[in-house]
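Chains as they are written, first to last, in numbering that gives the first Met the number 0: chain A, 0 to 452; chain B, 0 to 452.
Don't take each hint at face value.
Any copy, or any two copies together, can satisfy a pair, since identical chains are not distinguished.
What the hints assert, rightly or not - Restricting the straight-line Cα-Cα distance to at most 25 Å, the calculated cross-link-like pairs of lysine-lysine (PhoX-like) are: (1) LYS236 <-> LYS26; (2) LYS138 <-> LYS236; (3) LYS139 <-> LYS236; (4) LYS301 <-> LYS217; (5) LYS26 <-> LYS231; (6) LYS347 <-> LYS337.
If you are wondering where the hints come from, they were derived from the structure by calculation, not from laboratory data. Computed from a predicted structure; not experimentally measured.
Protein chains: 2
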Amino acid sequence: MNKQVIVSLLLCLPIAYSNAATPVAEKILANGLKVLVKEDHRSPVVVSQVWYKVGSSYEPGGITGISHMLEHMMFKGTDKHPAGEFSRIIAENGGDENAFTGQDYTAYFQTMEASRLPVSFELEADRMRHLHLLADELKKELQVVTEERRMRTDDNPQAKMGEHFNAMAYSNSPYKHPVIGWPADIANYQVEDLQAWYQRWYAPNNATVVVVGDVDSKAVFALAEQYFGGLKPSEIKPLKPQTEIEQLGVRKMTVKVPAKLPSLVMGYKVPTLTTAEHDWEAYALEVLAGVLDGGSSARLSKELVRGKQLAVSAGAGYSLITRLSNLFELEATPAEGKSVYELESALKAQITRLQLELVSTEELQRIKAQVLAGAVYERDSGFYQAMQLGMLETVGLGWQKADEYVSKINQVTAEQVRQVARTYLREDHLSVAYLEPQPIDGQTQNNNKKEEK
Amino acid sequence: MNKQVIVSLLLCLPIAYSNAATPVAEKILANGLKVLVKEDHRSPVVVSQVWYKVGSSYEPGGITGISHMLEHMMFKGTDKHPAGEFSRIIAENGGDENAFTGQDYTAYFQTMEASRLPVSFELEADRMRHLHLLADELKKELQVVTEERRMRTDDNPQAKMGEHFNAMAYSNSPYKHPVIGWPADIANYQVEDLQAWYQRWYAPNNATVVVVGDVDSKAVFALAEQYFGGLKPSEIKPLKPQTEIEQLGVRKMTVKVPAKLPSLVMGYKVPTLTTAEHDWEAYALEVLAGVLDGGSSARLSKELVRGKQLAVSAGAGYSLITRLSNLFELEATPAEGKSVYELESALKAQITRLQLELVSTEELQRIKAQVLAGAVYERDSGFYQAMQLGMLETVGLGWQKADEYVSKINQVTAEQVRQVARTYLREDHLSVAYLEPQPIDGQTQNNNKKEEK
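The whole structure should be built from the sequences, with the hints applied where relevant.
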């Protein structure tokens, strides 16, 4: 099975702007299920996604990673469809399917020939409320998840550093723990934990169904009513805010792991579209990320990699679509003979420059064009269109935000970019982790060169 | 009301050795309540304590501090005894009462003339299962707790630094969050949260009653049966282990708060009596703490405060009686003109010395005598005797450990002290926080000189 945890991959995903010719149609069923449909008749294909408002940031200590574990268990069968049948039926219908868990959501999707949408709906509605959670299946799937953690985190120096880094940078935000969960928590999942998690969060009034493709929206609403309409809603208690305390000074850590190359990650506490006092701040941070890391002509590549040849690679990342405030991150690997500390100074000099100098009109225009080009490119994919709608909806912003992206990015001024650099990229709100490479033994694969962005 | 949160105060509490002439009598009632009695007929007084196995380390994110909040609410009345009556009755009977919450326990106690023990039992049994939790009372008491947090943490530079420090030093251990709770969590307690916490943890099979004083143990058991025997047990699910991940390198943070003096705190990850592979390691760490900070002739005072005059104060602390692994901490305030970094180097030089040189026979004997003298002194107090039994029982070690303390401390060798210094006081397992004083405004009280130890 090809399920995956998408974590860092999603961090830099811009919002595609909606096509005015094919607006999003929305219907909320009586049981609270929200259905979003975007018709796209360019090919006879449909993408169907079910988004649950639950992810690792919903998890209490002791059972971290349980949303991801439950995602795996969602393929283990129901009364109607025993274990394995879900994937078999989708495959028999020529479909492609997958699932992913993030900090703020758990999502399931199928891509199929458009007429097969009922197959997807029937299966998803079935497992929304009637999942079998059996000790034997959990035991088996725990091995899969344990192995997944080993491969993706424990044997991946960058990911390992990232995990320790997040745990330091956040004091009380639930973003401090990894999506896949801490090892001791994974080792101690019980069927009852999964059952409780499933019953608490998997309900029509905690889900959004997003359909993009060669469909008629009214027909999709009717289908949704037919398959999902009979499911009972749950009482969903509001989450506690867990607002991160204010950071009162810089934090630094060394992380010693087997690896070939040193590297560093820096993160400043920043607001997102969900938490910013003014929307423009989040869009200005998005543009600022583009100034530093928007292709090969952006500043980090141009000045630190090619110019001063301080770095083998250097990048910046910011996500404006998350439920809680997060980090504006810089990551870099020093060139041979250069230290992580030299590189850190150079990265900070770039931040200082953004705080002092206005980005020129030409550079700003180029960056905006690049940021928007990325969005346009993604609009070409039904999957990404659905994903953006689902994500906006699930973090509480509402899918309508997709419509504003282009104009909001275009409205960002050089002054605003400088303003957010001054307000948010402050030393007192900075955390830094240095990866200090340790000898790699024969068994350990060297994959520290793989950038996560 | 004089309730308090005892946190750091408990960290350095040694175990008193039991008096062979007055052994502890134990009885477990049919409903699971454990009753411990230690007769002490020197004065006609009785100390009665009820210990619940619940504290801040049991709390999930979002409701941190709820054990402490519930401790406050435990004085808000039952069917039989309306709000305020508890304290009034105790006072009318000439008693003294209090309660405290820690990482691993919540405890309630009364000290009374020995014949009044039934008064205490009646009230404690009543509120163990029949507490009223009302929204109005919560609202009022929330103001008290909010003010308590402001005074004890937010306006106390050392405490504030300690809170940030713990959140950095621990990655996933529940010791990461403060006993009093994070501000956003305190601000969002609901009556249902407290109700659920009370129902989950307040039950005879999750409690230990400890009685020390001028009583007859058989009579106490009969009384306990009479008052507590009718209470129904609960199903108490075992806690998830939440084993802290291995730290892979040093961590450092600056904490900028209004204060007069800079200071620093250093913490090494160490095992406790509960988690050490061999008991002797925990006792050796206890002795090691005494070498550094066992009165004015101990090394930190002698060498850093009086000798080199680097520090105004310097201390070391370790607690061997906690449920989970914790930190061996060093705290110091530099002398005028000295920096926290100089002081850090000097503290590390002390650690290095312990790793290289054996403590001399004379010094070791003197330290052991001091450590044990502290224990003997505390044995004089019925309150502390009860406290030690309750704490040992509540963290899962069993009260019997109290008997071993003297012989185990006496058995610690200089080689063992060097061994634990080498094994556990490692740079890679170290976290450091530097308090960088900011200007104090007129409203802010200067209490940063107050040592927490």
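Up to 25 Å between alpha-carbons, please classify LYS236 paired with LYS26: within, between, both or neither. Within one copy only: 23 Å inside a chain, 42 Å across chains, cut-off 25 Å.
With identical chains treated as interchangeable, where does the CA-CA distance between LYS138 and LYS236 reach 25 Å or less: within a copy, between copies, both, or neither? Between copies only: 20 Å across chains, 30 Å inside a chain, cut-off 25 Å.
Could you figure out if LYS139 and LYS236 sit no more than 25 Å apart (CA to CA) within one copy, between two copies, both or neither? between (32 Å within a copy, 24 Å between copies)
Homo-oligomer pair classification [LYS231, LYS26; C-alpha up to 25 Å]: within (17 Å within a copy, 49 Å between copies)
State whether the alpha carbon distance between LYS301 and LYS217 is at most 25 Å within one copy, between copies, both, or neither. neither (50 Å within a copy, 83 Å between copies)
As a check of your reading, is LYS347 near LYS337 (CA-CA no more than 25 Å) within one copy, between copies, both or neither? within (16 Å within a copy, 29 Å between copies)
Consistency note: the structure conflicts with earlier hint 4 alone.
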